[in-house]
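Undergrad: Listed below are the residues making up each chain.
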Amino acid sequence: MNRYAIRAIYMFEMSRTFRTLLQSIASPVISTSLYFVVFGSAIGHRIPQVEGVTYAAFIIPGLTMLSLLNESISNASLGIYLPRFTGTIFEVLSAPISHLELIAGYVGAAASKSVLLGAIILITARLFVPYSIAHPIWMLIFLGLTAVTFSLFGFIIGIWADGFEKLQLVPMLIVTPLTFLGGSFYSIKMLPPIWQKITLFNPVVYLVSGFRWSFYGASDVGVEVSASMTLVFFMICVVAARWILTTGYRLKP
Amino acid sequence: MGAKFHVRVTLELCNFGYWTTYVYGEKHGRHFAPSRSRGPRIKTPLPPRPQGEPVVLNLDHRNDEIEHAAPSIISVKNLTKTYASGLQALKDVNLEIRRGEIFALLGPNGAGKTTLIGIICGLVRSSEGTVIADGHDIVTDYRLARTKIGLVPQELSTDMFETIWATVSFSRGLFGKPPKPAHLEKVLRELSLWDKRHQKIMTLSGGMKRRVLIAKALSHEPEILFLDEPTAGVDVELRRDMWAMVRSLRSLGVTIILTTHYIEEAEQMADRIGVMSKGEIILVEDKTKLMQKLGKKQLSLQLQQLLTKIPEQLTQYELELSKDGGQLIYNFDARGERPKIADLLRDIAELGIDIKDLQTCESSLEDIFVNLVRAHS
Ligand SMILES: Nc1ncnc2c1ncn2[C@@H]1O[C@H](COP(=O)(O)OP(=O)(O)OP(=O)(O)O)[C@@H](O)[C@H]1O
Ligand SMILES: [Mg+2]
Chain A
123 MNRYAIRAIY MFEMSRTFRT LLQSIASPVI STSLYFVVFG SAIGHRIPQV
173 EGVTYAAFII PGLTMLSLLN ESISNASLGI YLPRFTGTIF EVLSAPISHL
223 ELIAGYVGAA ASKSVLLGAI ILITARLFVP YSIAHPIWML IFLGLTAVTF
273 SLFGFIIGIW ADGFEKLQLV PMLIVTPLTF LGGSFYSIKM LPPIWQKITL
323 FNPVVYLVSG FRWSFYGASD VGVEVSASMT LVFFMICVVA ARWILTTGYR
373 LKP
Chain B
81 MGAKFHVRVT LELCNFGYWT TYVYGEKHGR HFAPSRSRGP RIKTPLPPRP
131 QGEPVVLNLD HRNDEIEHAA PSIISVKNLT KTYASGLQAL KDVNLEIRRG
181 EIFALLGPNG AGKTTLIGII CGLVRSSEGT VIADGHDIVT DYRLARTKIG
231 LVPQELSTDM FETIWATVSF SRGLFGKPPK PAHLEKVLRE LSLWDKRHQK
281 IMTLSGGMKR RVLIAKALSH EPEILFLDEP TAGVDVELRR DMWAMVRSLR
331 SLGVTIILTT HYIEEAEQMA DRIGVMSKGE IILVEDKTKL MQKLGKKQLS
381 LQLQQLLTKI PEQLTQYELE LSKDGGQLIY NFDARGERPK IADLLRDIAE
431 LGIDIKDLQT CESSLEDIFV NLVRAHS
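Protein chains in written order, with the working numbering: chain A, 123 to 375; chain B, 81 to 457.
To be clear, the hints were calculated from the coordinates, so they are not data collected in a lab.
Careful: at least some of the hints might be erroneous.
Under the rule of at most 30 Å between Cα atoms (straight-line distance), these lysine-lysine pairs were calculated in the BS3-like manner [said to hold, decoys possible]:
#1 B/Lys358 - A/Lys374
#2 B/Lys266 - A/Lys374
#3 A/Lys374 - B/Lys289
#4 B/Lys420 - A/Lys374
All chains should be built: construct the whole structure from the sequences, respecting the hints.
TA: Encoded structure:
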């Protein structure tokens, strides 16, 4: 295994993060705080408790997931798209590294950054709402698995995209709507029965539900189902990424 | 075959080169032989090309390989590349690169040089054929193969926001080598980048960026170095520095494969030269042999009076008489034995033949190259 290469890519990506620290960390923190001010404090007081917790506390896991998904995708897709765009990817492609090592470097860095960000959001939220975490280990597992899965998804988008517009397209058109409709701000039990069924096709429902369960012990769908669905999506991304790298799709003519 | 071969080739080459005119009397003795650096050079139109057979060059470079059975460090076999567009960029390429040599790959734009290098370095997938680099197949055993290879690409693509030091350290790590600051320092000093090591790459000039790319390629101590047009857009001084660097690398045992459009560069640097055209390797030859075979000089004497035949006293010079009888042609090898120009001119004077004008012409690698590629297309 080429440890030095994984380390080099990982450190390179992390240093890119720290170079743009302000926009990498500050902007999600600010936007999350705004959500709390608006939904948690201003509107939240008029909403009764949801599943046994205050509305402000209820939205914390969903909000964290929202940021986690968006950041994982945008970090990972930019991380691989930029070198493709500038041409510096040639060096990585000519290096003695396996596909797995390449993914480990890029996706590992993007996922680390997302986890870091998730932690910062949770700490920020603590300033607004006194919440507690019922299953901390499960919380970390969901956080990590989601960060890795969606970084992998972002990596795939970064290879597929052939312009900056496309880079924004998937997060804008698919991920954000799915997250908003995935029960970040409501329990799907609040939906009419038919929509409760339809919404089960939305993978984000499982992520948010499982993550929220790790906080408050209550969930829309069973935690085992949540965990398996997340794993399934993870496996799909792994297979897709491997296919991309073995066929050289968009990377090697 | 030998003499006849020279004559034919030389005549053809003169056709694509130009005559160098020297006015008799201004130069004499051993300085008479025209050289590229001294004496007035006047370009004059060429006389009509003599009728005869076309150029015959020894294109069968495989013979050459057998002759020098030096172990190859890179062995390319039946390599074919067809891009998704359907364009066939490489057609059954066979090439052996010898350990420790400087190999210059020449060829017009689009010949397939970068494609060939791309396949060897793992940037482009081959359609057919195999490449062995230092005993390792570049596909099945890519890890070991690629560790040995350094690549300086044709395009100037570097990270902009990184410092020089960070980017070379990154490259070294990427190629699986543990940190070795002393080596990186040596490389940066050799490329005059040491003082700028903490500068961001975006603040460097184009020539310096190219040097950064070279430093990156050398950071992991490769045994094989590919330089794809390393001196494009590089000033004269830096170009000379680069040549010196390439030579010193070779003296350390590094095998270097470079592409260039400056034939002078190949002439100066290379041990062997390969010419590509339209996806095929049309010639591989030792540079010195190539120059010997083709680096012929020709002296032509315009006569005041027409001759019907070459006087017997001049047979030892193996002269040729032009069809109209107004021109005597003497072929000599500037690099071989001392040409007998002074003797010839004295003998001609003694015979009472008046010379109106006199020209010499020599074939350069450039002529050879242009000629070959034209013949191929
Ligand atoms: N990614 C690609 N897709 C399709 N065709 C390509 C691709 N890259 C190169 N080609 C084509 O392959 C041929 C060989 O290109 P290549 O870059 O190898 O030439 P070259 O000898 O390096 O030329 P130059 O001296 O201009 O650098 C050209 O006709 C080029 O248009
Ligand atoms: Mg090229």
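Undergrad: Confirm or reject each hint.
TA: Here's how the hints hold up against the structure:
Between B/Lys358 and A/Lys374, the direct Cα distance comes to roughly 21 Å. Compliance with the 30 Å bound is thereby established for this hinted pair. Pair hint B/Lys266 plus A/Lys374 does not hold up; C-alpha atoms about 33 Å apart against a cutoff of 30 Å. Distance restraint check for A/Lys374 and B/Lys289: the Cα-Cα separation of roughly 24 Å lies within the 30 Å cut-off, and the hinted pair is therefore satisfied. Taking the CA atoms of B/Lys420 and A/Lys374, the gap is about 59 Å. The hint is violated against a cut of 30 Å.
Consistency note: the structure conflicts with the earlier hints numbered 2, 4.
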